[in-house]
Every structure is written in structure tokens, then in C-alpha cells.
Amino acid sequence: MIPSDQFVRFYNEVFKFLDAQGGGALEDYYRAVSEQQERHCLALFKAEGLAGMKAYWDRIAVEENCDMTCTLHADRLEIVMRRCPSLGKAMDNDAGAFERYCDHCPGWILPLLAKAGCRCDYDIIDRTLPQCRLTICPNDPQRASRIRVSGL
Amino acid sequence: MLRYRETGELHKDFHGSMNAAVEYVGSRYGREGLREVFRNTAQKVYRSIYKKLKAGDWSELLEHWHYFMTREGADFSIAVTDTEAVMTVRRCPAVAHLRDLGMTPSVFFCDQTVLLNEAWCEGTPFEAVTETTGEGSCVQRIRLSRPLNGRDDERRNEGSHDSE
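So the protein sequences, as listed, match chains A and B. Here the first sequence is numbered in our numbering, starting from 1 and rising by one per residue. Here the second sequence is numbered in our numbering, starting from 1001 and rising by one per residue.
Isolated chain B (complex conformation) (with noise of 0.2 Å):
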């Protein structure tokens, strides 16, 4: 179940404001200033599903991309193994939208994807790896770095579903 599940309208001019932000902060901080930011919203921000992911369970994770990335009109899939997650990324709406709005992705935009996915991982059985494969297309892994314990196992499994 997640956490946070908006309905109703878009205001997709957000991803042109996440742009100026991503942008300011790491201009001025550097990655880790990024960092710093993209760790409290993925461990405290998104408190249930890092929670979830530290006793190995991805499900409201993989909940929360299904969601969304359908919400925004993504082109994606998902697909699920027994130790790996992946979402591919054909079309990105926040990218798309930015050139519908006639903006440049900062040289940082992309790092909302791979700095909160790493910093989803930090402390978990789960590493993340995120590879860019064009402008707004990429595939992102979250794959298990280290065998779960029989009760993580569980979780996990209860939580697990194939999407397409």
C-alpha cells in the first residue's frame, strides 16, 4: 500500500521547477550537496518504502513506479526475477514535458532517478544501478547485493509482482 497516492490533476510544470532546482543545488553544492537532499526525501520523505526495503521487501516500491510512472503517461515496463526488479524506461514524461516546455535537462536532472534509487538502497540487501540509455530513456535495476534471511525473503515475495 503506498504511502502517498495522489489522484485528481497534474501539474506537470512541476518537472520544469524540479529542473531549476536539481540545477541550483548542484551548481552551487556539487553531487553531494544533491546527495544530502535526495537522502532525507528517499529515507525520511519516503519513509515506508525505505522501511519496506531494509527488511527486503521491494513491494511498495515497485507499487510506487507502477503508479506513477502510469499516472504521468510513461512508456515502461517493469519486470520482476526472483533477485532483480527493472524498470525500463522507454519515455520519460518529466524529460518530455521539459521539451514541450522548450527546457534543457540540467546536467543534474537525471540524478533525481539514480540518487534516490542508491540512496533507497543505502543499508538495504539491495544495490541500485541505473543506466541512462538516451535522453529520457534508462533502465533502472534494483537487484540484491546480499542472499535475505529467510523472514526478508517472505516480505519479499508477498510484495513481488509482474507488470508490463
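Just chain A, same shape as in the assembly (with noise of 0.2 Å):
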């Protein structure tokens, strides 16, 4: 068994495995990986909105032990990652992290706010800072979701 502890470190490597079949087989897995994030977080963004998207990650943020604030306005919902265990582990690794380790948050979370009438503004900030922002509204036609890194 791999310890639930370790799993990110497996991740990386699958993230690595498939990086290099090519073809998008990546960006695939993490389609995949958003459809069964579904069965965990869908119905409740559905139901709650903003409100349920913060009791989704004020739980993750205890679980993984992340230093991380989520702050719900009237709008949207501010989420601030200042210490990321898992590009943290990904890193603390004897195999060494997968240069775009980072992207497999956005390419997850995304698909599914889409799915939950929600777009955000994900800033990876640096894909070698266990740090991250992001900002996710209510679906506007005028603005679509984005990934950035932004180096700030």
C-alpha cells in the first residue's frame, strides 16, 4: 500500500509516465481526474455554491495540512495557498518533481467549477513555490476561466 501520505509522490510519477506517452495523454488524465473528483465536490458546488466550495477546501486545507486561507465575499471566493503540501512533497522527493506539477490543480478544478456554473482566475505563481491564488466567481459570458503564472 501506498501510505495516503505518500500518494503525491506516486502522482508525480504517473504525471511523469504520461507526460512522456505524449499525445495530451496528460491533459486526458486530468479530465479523468476532474470526473472523479465529481463524486466528491459536484453535488455539493451545485447545491451551495461559493458556500460549499469553501467547506470543500476549509476540509481539505485540515486534511492536508495546508497553510491556506479561504475567504468567501458576497461574489466570489478568494482562496490563498501559502504552504502547498503537495508540490511540497513532490518536491521532498528523491525522484525529483515533474516540471509542471502545479498544472494538475487547474487542470482538475477547472472543468469542474465549469460543470458548477463557476469560472476562476488560477494563479500557479511559480511552479517552483509550493504557493497558489485563486479567485472563482459565478459564471460570466463576458469572462472566461485562466491559468497564469505570474511570477508575483
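In short, the hints are calculated from the structure, not lab data. Among the clues, some could well be false.
Claimed, not checked - No farther apart than 16 Å at their CA atoms in a straight line, the calculated lysine to aspartate or glutamate pairs in the EDC-like style are these:
#1 Lys1054(B) - Asp1013(B)
#2 Lys16(A) - Asp103(A)
#3 Lys16(A) - Asp75(A)
#4 Lys54(A) - Asp75(A)
#5 Lys16(A) - Glu1036(B)
#6 Lys1044(B) - Asp94(A)
#7 Lys1051(B) - Asp94(A)
#8 Lys1052(B) - Glu1009(B)
#9 Lys1051(B) - Asp1111(B)
#10 Lys1052(B) - Asp103(A)
#11 Lys1044(B) - Glu1122(B)
#12 Lys1052(B) - Glu1036(B)
#13 Lys1044(B) - Glu1060(B)
#14 Lys1051(B) - Glu1122(B)
#15 Lys1044(B) - Asp92(A)
Quick one: dock chain against chain with the hints and give me the complex.
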């Protein structure tokens, strides 16, 4: 058994393997992960909207030992990850972190949020730092979700 | 001493993510695809365990088994003799959590144990034999497949211990 504590180091190896297959295999996997995550989140996100998303990520913050703040505003949910244990473990790893490790998060989150009627501004900040920022809002036909690496 | 020794809260839903991951890779790339991923995991991620096994020392593997099976709440025991370390798992916490989530274990789910143990033993004086004895129960054996040289034997004996 791979301990749940160490799943992300295995995940990191899956990303390397799929990336080496080419042909969009890794992106296909992100979509499969997103569909898998629907069973944990989608009903909650649809039923309770931004408040349901805050409840989900507040639980994740505890269980995954994150240093993370989720702030609910009337029109948006802001998530600030100051210490991501997932990237932290992928980096604290004798096999080395997959260089685009961070991309799996927006890879599964954005399609799921779209199904829940929301869009997301996802700032990875820097793929070598275990930090990121998300702003989640109800869908707006004028603005699409976006992923960026601001470096700030 | 363990290279990775997490503390704090557990996110057991990662067992569900593991189930999906092995199903995804296994169904598309076969058992050989899974074997490649688990070989990299066993020999590169868990490099210190693998290096010790190559030197005839199973101490870090046994410590890993004991620490994480305890942390996950498994019902298990480990017995060690001169030639064999046997972990008997009566209640696998990963399978139990899948059931709690209402998930059915993938046909590849136990390959995380079988293929990981096999990859750990590749090119070492040990061989791995994993016998599934029911859903959520198994017997994992790491046993000497060839005699150790004197130095290896010394190292292994320093690290071995009984655990129940």
C-alpha cells in the first residue's frame, strides 16, 4: 500500500509517465481526475455554490495539512495557498518533482467548476514555489476562466 | 531512519485517487505501464529503502511498513526471521476507505502493493511474494533469494526487529 501521506509522490511519477507518452495523455488524465472528483464535490458545489466550495477546501486544508485561507465574499471565493503540501512533497522527493506538477490542480478544478456554473482565475504564481491563488466567481459570459503564472 | 515520515492529519481520500490512478494507467497501458510507474516509485522515490535492500538491509522497509500501517489504522502484524520478513494484513486501510467512499477497488488496486514490493526487490538479495487472502487482506513476504555476503548480513541484522 502506498500510504495516503505519500500518494502525491506516486502521482508525480504518474504525471512523468503520461507526459512521456505524448499525444495529450497527461491532459486526458487531468480530465479523468476531474470526473473522478465530481463524486466528492459536484453535488455540494451545485447545491451550495461558493459556500459549498469553501466548506470543501476548508476540509482539505485540515486533512492535507495546508497553510491556506479561504475567504468567502458576496461575489467570489478567494483561496490563498501559502504552503502547498502536495508540491512540497513532490519537491521533497528523491525522484524529483515533475516540472509542471502544479498544472494538475487547475487541470481538474476548472472543468469541475464550469460544471458547477463558476469560473476561476488560477494563479500558479511560480511552479517551483508551493503557493498559489484562486479567485472563483459565478460564470460571466464576458470572462472565461484563466490560468496564469504571475511570478508575483 | 525513514526518509519520509509524515505526521499530522491524514487525507485518506487519496486512496480513492490511487484507485482511479491505477485504473487509468492499467486500463490504458496495461500492467507493464503500471510496472514502470511502480518501479520508478520503488527505486527512485523510495531510493533509500531500495539502496538498503540492495545492500541486504531491510530495516528501512520494515520501519516504513510499521510506521505507515500503524498511522493508517491497519490491523496487521510483522514477523521477522533470519531469512524472511512477513507482513500479514488482516484489514487494509486503503481498501476499507474505498468501501467507506462507496467505491469498488480496481482490478489493479492491489498492484500498488504487489508491483511495489517486486520493484523494491529487483537487483537485491531478496524476492517479494504477495498473496492476497481476501478483500483487504494479504500476506507480504520479503525473503532472501540468495545468501548474503558477510557485510550485508551484518547490516541486515543491525536493522531487523520483531513487531506485532
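Here's how the hints hold up against the structure:
{"no.": "1", "hint": "Lys1054(B) - Asp1013(B)", "in the structure": "33 Å, violated"}
{"no.": "2", "hint": "Lys16(A) - Asp103(A)", "in the structure": "12 Å, holds"}
{"no.": "3", "hint": "Lys16(A) - Asp75(A)", "in the structure": "38 Å, violated"}
{"no.": "4", "hint": "Lys54(A) - Asp75(A)", "in the structure": "13 Å, holds"}
{"no.": "5", "hint": "Lys16(A) - Glu1036(B)", "in the structure": "11 Å, holds"}
{"no.": "6", "hint": "Lys1044(B) - Asp94(A)", "in the structure": "6 Å, holds"}
{"no.": "7", "hint": "Lys1051(B) - Asp94(A)", "in the structure": "12 Å, holds"}
{"no.": "8", "hint": "Lys1052(B) - Glu1009(B)", "in the structure": "29 Å, violated"}
{"no.": "9", "hint": "Lys1051(B) - Asp1111(B)", "in the structure": "22 Å, violated"}
{"no.": "10", "hint": "Lys1052(B) - Asp103(A)", "in the structure": "34 Å, violated"}
{"no.": "11", "hint": "Lys1044(B) - Glu1122(B)", "in the structure": "13 Å, holds"}
{"no.": "12", "hint": "Lys1052(B) - Glu1036(B)", "in the structure": "21 Å, violated"}
{"no.": "13", "hint": "Lys1044(B) - Glu1060(B)", "in the structure": "15 Å, holds"}
{"no.": "14", "hint": "Lys1051(B) - Glu1122(B)", "in the structure": "11 Å, holds"}
{"no.": "15", "hint": "Lys1044(B) - Asp92(A)", "in the structure": "12 Å, holds"}
Violated hints, listed in ascending order, are 1, 3, 8, 9, 10, 12; each of the other numbered hints is respected by the structure.
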